[in-house]
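There are 2 protein chains.
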Amino acid sequence: MYRSHTNGELRIENINQKVTLSGWMQRSRDLGGMTFVDLRDRYGITQLVFNLDENTDLCMQARKLGREFVIQVEGIVVERSSKNKNIPTGEIEIKIEKLTVLNAAKTPPFIIEDETDGGEEIRAQYRYLDLRRNPVQEKLKLRNKVALETRKYLDFLDFLDVETPYLIKSTPEGARDFVVPSRMNQGEFYALPQSPQTFKQLLMVSGFDRYYQIVKCFRDEDLRADRQPEFTQIDCEMAFVEQEDILQTFEGLIKHLFQAVRGVNFDGAFPRMTYAKAMEKYGSDKPDIRFGMEFVDFTELTQNKGFKVFDDSEVVLAINAQDCSEYTRKQLDELIEWVKRPQIGAKGMIYLKCNSDGTFKSSVDKFYSTKELALWAEKANAKAGDLLFLLSGDLEKTRKQMGELRLHLGNELGLRNPNVFKPLWVLDFPLLEWDEENNRYHAMHHPFTSPKPEDFHLIYTEPGKVRANAYDLAMNGVELGGGSIRIHDRDLQAQMFDLLGFTKDEAQDQFGFLMNAFEYGAPPHGGLAFGLDRLVATMGGSDSIRDYIAFPKNNRGRDVMIDAPSLLSKEQLKELNMNTLS
Amino acid sequence: MYRSHTNGELRIENINQKVTLSGWMQRSRDLGGMTFVDLRDRYGITQLVFNLDENTDLCMQARKLGREFVIQVEGIVVERSSKNKNIPTGEIEIKIEKLTVLNAAKTPPFIIEDETDGGEEIRAQYRYLDLRRNPVQEKLKLRNKVALETRKYLDFLDFLDVETPYLIKSTPEGARDFVVPSRMNQGEFYALPQSPQTFKQLLMVSGFDRYYQIVKCFRDEDLRADRQPEFTQIDCEMAFVEQEDILQTFEGLIKHLFQAVRGVNFDGAFPRMTYAKAMEKYGSDKPDIRFGMEFVDFTELTQNKGFKVFDDSEVVLAINAQDCSEYTRKQLDELIEWVKRPQIGAKGMIYLKCNSDGTFKSSVDKFYSTKELALWAEKANAKAGDLLFLLSGDLEKTRKQMGELRLHLGNELGLRNPNVFKPLWVLDFPLLEWDEENNRYHAMHHPFTSPKPEDFHLIYTEPGKVRANAYDLAMNGVELGGGSIRIHDRDLQAQMFDLLGFTKDEAQDQFGFLMNAFEYGAPPHGGLAFGLDRLVATMGGSDSIRDYIAFPKNNRGRDVMIDAPSLLSKEQLKELNMNTLS
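First to last, the protein sequences are chains A and B. Per this note's numbering, the very first residue in the first sequence carries number 8; after that it's consecutive. Per this note's numbering, the very first residue in the second sequence carries number 8; after that it's consecutive.
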């Protein structure tokens, strides 16, 4: 037996008990004739005490312990003379009678404390050491709890956890698949699922009624900072439901999770907004509504006054940065440079200072009179002391730029408190999205999303205007998840594939099994998937999903700890009857 | 709203309520002026009634419904005149006022009832229809429950669910990996994990203390009837434990699962047996101990009496088939043919009938006197009416053959009741196994298993005799799971790789990250993994794991429903910079 208790367990009630503990040597201090050792495990820290006079050998042994040595000790629980109220075991310490080194440790390449001196790369390479740090362990404990509470909630509502296959069929629609060569069927490949979409729909056709799965999904995309080639979804589907049933069910899930895991209670129903409104007010389909700073349309107000930039623009948008009229020239220039960076792409930015003395100062004073500027302020609800920013140009691009600026200002002004959580349902997404590159429409959500019946008449005349029964749950500027009511009619599904440029043969070849299934009694159904990585990061108040993944990959898709991907042996390639082109 | 209640919900208490139901038309019967329809969903069946006189149109509409049509109805709950006590809703029926066809259905290719007329192939192709059948749904509900109860139990014991990566590094040791070409790192490959073994060990090095995961694993093996290229493990690991801690913990898990899911209680501790004893008594490392028929060693008793077959054999083994002395010549011949099949490989079989009149009849009467045959009977504890079977030859092969015969007889004699569950811990597995093909030892469990300290001195002289701290849980002749105490010392791990024929470079290249991790304070640790597919099949009383998988692959590794694997497009191959050799 390696231990009678964990290092987070002993209390004043245990005094005089003989105990055995095991763990890592976190740190030690020699104070006169005493050596104090902090013994650490996942559950906490317990202080060990060695007395030089009473047991010289043992104490000398303790003094030789290095950081991160794994040790086992036996001793008696005693009351501390100077108590530590910051830790649950702080009232006691263990007077040690026996010490065994279970495993020595080299000096770690960085300090294993809450605050570490290790850079990102070295911590990635020694991820198993970084994972010893409390803040990292806490993130994975949070993830564990979110996953388990999700299961409890969904199980309570009769959802069944059904595993869908990982070795499936490649479908070129959407993002790139990771593929897996088949040795038994040479020349053929499996694909790893981008989501269990078609399988969960088949489960609805099979009458499973309510399905969920916490499941790995795979996308071979060029990685961005917050993307991983493998990611985890809370994947759900329900039969005999309308959109409202789904929103209610999963609003309930999110409320349950925040309550059970973070102790946060949401009052009332989550607010809802159409996609159109979200784009208009925030330039984003996942607006952060922890703060206002909504877009105000200045087009009419500002055009035809001789300022060519505005006159030539499809739209002029403004936002109001409250209480920022004291921004210096330098601050303003930095913001203008910020929106002009290629990632944002604005050509320039106009500002209007509503000074606290009631005067105005703008970068376009020569085109607009004070009276006109006052109208700007009025329209943007700006009071003395506020600062307006104006961007102009093409509607879509300007909204996107303004959306980025808004979030940037939100960060700068401390308006995005990570401990405040503001959910928002975004509804009525467009069914289709124009793909400039390939000069065709593609499905905004996926090809199985049902169009809104009332918009269906536009499907061949103005397909871009057709709205879908699709919805996202946004929170704090992050898309936590999304879903849709699915098509369950064979003919409509075939029509969708046609609209997306599939030939009949392509549609049948890739999705024939699903369309066939729809002919044998498919119920109305719909669902939703949450990104678990994103959800736990948001719940943890962090922007980075990587911290919430035990063994993440870097932005080249590499696991630098195990050094994967890597070369295969010639024998392996030969068995697969495969070659890599050189 | 598609329904106010499910089809398993309404009772006599609901009489006179107006309800809306949705589901599948299971069957209908016209009785005089009435039409009765069974409406089915996952939750049950509710009887709908249409009255031809009262509402002719509606009733005629109902009579046109085909099997598996998806419909929605509104009506009033009424008490049945003739009640059906076999179903929970059998006291009521719904007098229908409105009927809507939500989706029509073609006639299914096989009957969707508990007993179906569909063969295995057609059901695999239309798996989504086979999944509608009650017995199939029940199996997946059992699986759902086992998984959830596993999580609850392990969570209660402070195990943390930590997700490990699916895109890892290929290691040629052990079974074949499925590999995934990397587009971003051309010429390099990920591998899909055969198990999260090294990652869970790293989590122990990281101080996670108790880890579990219900996780897909992948092996590219030539498939046998009960193997799938992807399978699911309940994967667990614990730090600061000895073998006994692990056995206690997971014996507790199995007890909990059987109690919670099947209502089966096991009395006392699970029996235990060494690997050596299991091989000696049952010729199997996963003996079915629902019945006796243990091997009796007849070598000494039968040799040197002039029967050359026995004299030339390393071993002569016997088993006693009780009460079988009346077996006919035909039955005996069939059994002899059975053991001579190539899958079993015996050269022949000797029997001894212990007739009920006290006489003996054997197939080797001319070599053995009645007195000698009486000694056989005595040694095998055979009474009048019993039947002995003897096999002989090489020790290992004879044990294996006899083990197969024993299970075959167990089946034939009805000794393997699927509703009786007999767990058995098999302990002290050998560390190494001789690999005839490659003329070297390989790890019986895996290269991370620790040898028993007391056997360690044999490691270079008689490596085959070194036992490991490895254990399996067998039940009813099935290996439910297994595990081991791991090596946590860098030098010992390096020594193991050396013993297994790895060069230093190979070991460092493939498992350097793990050996490095052991240098930074690795705790003693060990673990276990259960095969979830196997576990639920056993709990369900079935031999076939395929029935317990929602979308299984066939024995060519194909998913015939979606037709995977399949060819890739030229564009996909090109992007991966890959070619398949022709």
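By construction, these hints were calculated from the structure, which means they are not laboratory data. It is possible that some hints are incorrect.
Repeated chains share a single entry, so a pair holds when one copy, or any two copies, can fit it.
To be verified - For lysine to any residue, the following SDA-like pairs were computed, each having C-alpha atoms within a straight-line distance of at most 25 Å:
(1) LYS459 to LEU109
(2) LYS337 to GLU578
(3) LYS312 to GLU120
(4) LYS71 to LEU230
(5) LYS105 to ALA267
(6) LYS288 to ASP64
(7) LYS404 to VAL303
(8) LYS577 to ASN445
(9) LYS581 to PHE314
(10) LYS368 to ASN561
(11) LYS92 to ASP364
(12) LYS511 to GLU578
(13) LYS262 to LYS581
(14) LYS354 to GLU104
(15) LYS511 to MET451
(16) LYS293 to GLN54
(17) LYS472 to ASP64
(18) LYS90 to LEU422
(19) LYS378 to LEU499
(20) LYS159 to ALA276
(21) LYS113 to ASP496
(22) LYS102 to LEU382
(23) LYS105 to ILE22
Copy assignment of LYS105 with ILE22, given that the CA separation must stay at most 25 Å: within (18 Å within a copy, 74 Å between copies)
Intra- versus inter-copy proximity for GLU578 and LYS337 (alpha-carbon distance at most 25 Å): Answer is neither: 63 Å inside a copy and 50 Å across each miss the 25 Å cutoff.
Within, between, both or neither: LYS105, ALA267 at alpha-carbon 25 Å: neither (42 Å within a copy, 43 Å between copies)
Homomeric proximity label, LYS354 with GLU104: Cα distance no greater than 25 Å: neither (73 Å within a copy, 65 Å between copies)
LYS262 and LYS581: within-copy, between-copy, both or neither at 25 Å Cα: neither (53 Å within a copy, 47 Å between copies)
Up to 25 Å CA-CA - PHE314 versus LYS581, copy category: neither (69 Å within a copy, 51 Å between copies)
Same-copy or cross-copy closeness of LYS113 to ASP496 [CA-CA at most 25 Å]: The answer is between: 13 Å across copies meets 25 Å, while 64 Å in one copy does not.
Intra/inter-copy verdict for LYS159 and ALA276 if alpha-carbon distance must be at most 25 Å: within (22 Å within a copy, 30 Å between copies)
LYS102 and LEU382: within-copy, between-copy, both or neither at 25 Å Cα: neither (77 Å within a copy, 67 Å between copies)
Intra- versus inter-subunit Cα pairing at 25 Å for LYS404 with VAL303: Classified as within: same-chain Cα gap 15 Å, cross-chain 84 Å, threshold 25 Å.
Within, between, both or neither, where LYS511 and MET451 count as close if Cα-Cα is 25 Å or less: within (21 Å within a copy, 52 Å between copies)
Alpha-carbon proximity context of LYS368 and ASN561, limit 25 Å: Intra 47 Å, inter 75 Å, cutoff 25 Å: neither.
Checked against the numbered hints above, the structure violates hints 2, 3, 4, 5, 6, 9, 10, 11, 13, 14, 16, 17, 18, 19, 22; every other hint is satisfied.
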